[in-house]
Every structure is written in structure tokens, then in C-alpha cells.
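Asker: Take the sequences, apply the hints, and build the full model.
Protein chains: 2
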Amino acid sequence: MKTQHSVHTRWKEDLAFDIEVDGHLIRTDASEEFGGKNYGPTPKPLLLSALAGCTGIDVASILKKMRVHFDDMSISVSGELSEDPPRVYEKIHVIYEFKGTDLDTDKLEKAVELSHEKYCGVTAMLREVADITTEIRVVE
Amino acid sequence: MKTQHSVHTRWKEDLAFDIEVDGHLIRTDASEEFGGKNYGPTPKPLLLSALAGCTGIDVASILKKMRVHFDDMSISVSGELSEDPPRVYEKIHVIYEFKGTDLDTDKLEKAVELSHEKYCGVTAMLREVADITTEIRVVE
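Going down the list, the sequences are from chains A and B.
In terms of numbering that gives the first Met the number 0, the first sequence has 27 at position 28, counting the first letter as 1, and numbering is strictly consecutive.
In terms of numbering that gives the first Met the number 0, the second sequence has 42 at position 43, counting the first letter as 1, and numbering is strictly consecutive.
One or more of the hints may lead you astray.
Identical copies look the same in the list; a pair holds intra-copy or inter-copy alike.
Here are the computed lysine to aspartate or glutamate pairs in the EDC-like style, where the Cα-Cα straight-line distance is at most 20 Å [said to hold, decoys possible]:
1) K64 / D101
2) K90 / E79
3) K90 / D17
4) K11 / E31
5) K11 / E139
6) K36 / E108
7) K64 / E108
8) K90 / E127
9) K117 / E127
10) K109 / E82
11) K64 / D13
12) K11 / D70
No wet-lab data here; the hints were simulated from the structure.
Here the structure is a predicted model, which is why all the values come from computation and not from measurement.
Answerer: Set out below in C-alpha cells:
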């Protein structure tokens, strides 16, 4: 039996939608420039959010197994859209910033590589359309 | 100048992340089965949420231009994952349900078709990996 995921979306008003995901509420809207009210984020950056959360879970899990302790981690994901509709992300850049003492850079790089090359399904999906690059920064 | 989107993600604890998107907060976490605490939805369904929000904005906009008035609209998106990692959506099914009086089914179909074939960038991205199908239901 294959795993199924489902989300249920209800129109709220104008271009705004309430989306129920695993019992949690996500809201989307168009920007004010395009007739929305900024009631929630626009939909496309949810793809970048999915990528951040997916690789974040991988990297946190892998580093735990490697017994690498970090004090903090942040992940910034930026995407560059094509100019003509349908507008798709042509380039995606992921910056991982780790804070900690005596962090083993080789292990950090290995964890990020394993996520992108082997485990992260969101990366695997978006790579079909976007060139995805990564960068690691370490703050002592 | 090409349009750039960015999201900024901060590790919260274990496998949970806070993601800032256009000034809005999105949370993700692994499920309890995989060591998370269900602090937010798992990341992959955010892709289905992005698809729902994207096509929702298209369809609401197009129907407004067509002067089709509906009382309510809901969009359910389900995705079937591949079995081996990296796990990707192989099939995605989108069900649009409209409520209203004397709704013009041809126009509803046209709006959905225009979104999927022409405007929705999220559909265009996910179609590279998943077979995407649509269905329209009308409730008087």
C-alpha cells in the first residue's frame, strides 16, 4: 500500500484560501499587487518552505546520528522565477548556517550532501525543473 | 530583473522548524512516528498546499473575469508517494468542488484547464515528476 498525503483547501474570500494539512492550518493569498490581501504567503514560496523543512529534518537527523552537536541551525532558501507563465523556479539556492563550538565541517558537508543526493524527496522533485545549489556557513 | 522569492528557516528543536515566508510563519515537523512532535505539518504536503493555493488563485481569478459567481469552492489535493527514498509524488489528484446556483460547468472546466495548462507554475513544476489529474464536482 503506497503512502498517500492529502490536503483540504477552502476558499475564504477573493484569492485567499485556508488549507488544512495534517490537522494544521496553512493560509495562502495573492499579494496586494495582484488583488490579494496578504492574508497568508503566496503559494509558490511554500515550495521553498517544503524544501527547507525537508532538508532540515534530514540534516538534523543525520547530524544527531553522527553525534555532531550544534547550538543553532538556520536554512535560507531562495528561488529565481522564470519570466513567462507558467512561472517556475529556474534556480534555487540553499544556505545552511550552523552555530556551535568546534563544529566538524566535513560532517556538516556530508549531512547536507546526503540530504540532497539521497534522502530529500522535495529536492528530488524540484531538481527536475530547477538548478539547486547549496552553501554551508559556520558561525563559532 | 528576475523575481526572487526567499524563505528563512530556523531550527526550533529536534526535527521542528519555524519558517518565515513573506512575514508569515509556517511550521514544519516530522511526524511522531519519525521522531517529531507534530508541531506542524510534515514538509512534503506543503507541495500539495502550494498546488492548491496556486490553482485556487488562478481559478478564482479566471471565474471572476468570466463573471461566474460561486458560493463556495474547495480544493482537495492528494498525492501518492514512491516507495523508495528520495520519496517523490508519482501521482497527484486535484478535486475542485463548487457550490452555487446554475453554475456553468463548461466555464468551470475551462477555468481549471487554463490554470493547469497555462498559468499555474506549481502545476508546471510538479508535473515534471508526478502525473497530475483533475476532477470537478458541482453541488447545487
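Asker: Hint by hint, note whether the structure agrees.
Answerer: Evaluated hints:
In this assembly of identical chains, K64 and D101 lie within 20 Å of each other by CA distance solely inside one copy; the values are 17 Å within and 59 Å between copies. For the identical chains of this complex, K90 and E79 are intra-copy neighbours only, at 5 Å inside a copy versus 26 Å across copies, given an alpha-carbon limit of 20 Å. Within a single copy, K90 and D17 get their C-alpha atoms no closer than 28 Å, and across copies no closer than 23 Å, so neither meets the 20 Å cut-off. For the identical chains of this complex, K11 and E31 are intra-copy neighbours only, at 16 Å inside a copy versus 31 Å across copies, given an alpha-carbon limit of 20 Å.
Taking CA atoms no more than 20 Å apart as the test, K11 paired with E139 passes between copies only; the shortest distance there is 19 Å, against 46 Å inside one copy. Taking the closest pair of Cα atoms, K36 and E108 never come within 20 Å of each other, the shortest separation being 41 Å inside a single copy and 27 Å across copies. Taking the shortest alpha-carbon separations for K64 and E108, only the intra-copy value of 14 Å comes in at or below 20 Å, while the best inter-copy value is 50 Å. Taking identical chains as interchangeable, the C-alpha atoms of K90 and E127 lie at most 20 Å apart whether they share a chain (11 Å) or sit on different chains (15 Å).
Taking the closest pair of Cα atoms, K117 and E127 come within 20 Å of each other both inside a single copy (15 Å) and across two copies (19 Å). Taking identical chains as interchangeable, the C-alpha atoms of K109 and E82 are never at most 20 Å apart, the minima being 35 Å within one chain and 24 Å between chains. For the identical chains of this complex, K64 and D13 are inter-copy neighbours only, at 12 Å across copies versus 47 Å inside a copy, given an alpha-carbon limit of 20 Å. When the C-alpha separation of K11 and D70 is checked against a cutoff of 20 Å, the pair qualifies only between copies, where the shortest distance is 11 Å, while the shortest distance within a copy is 40 Å.
In the structure shown, a violation is registered for the earlier hints numbered 3, 6, 10, in ascending order.
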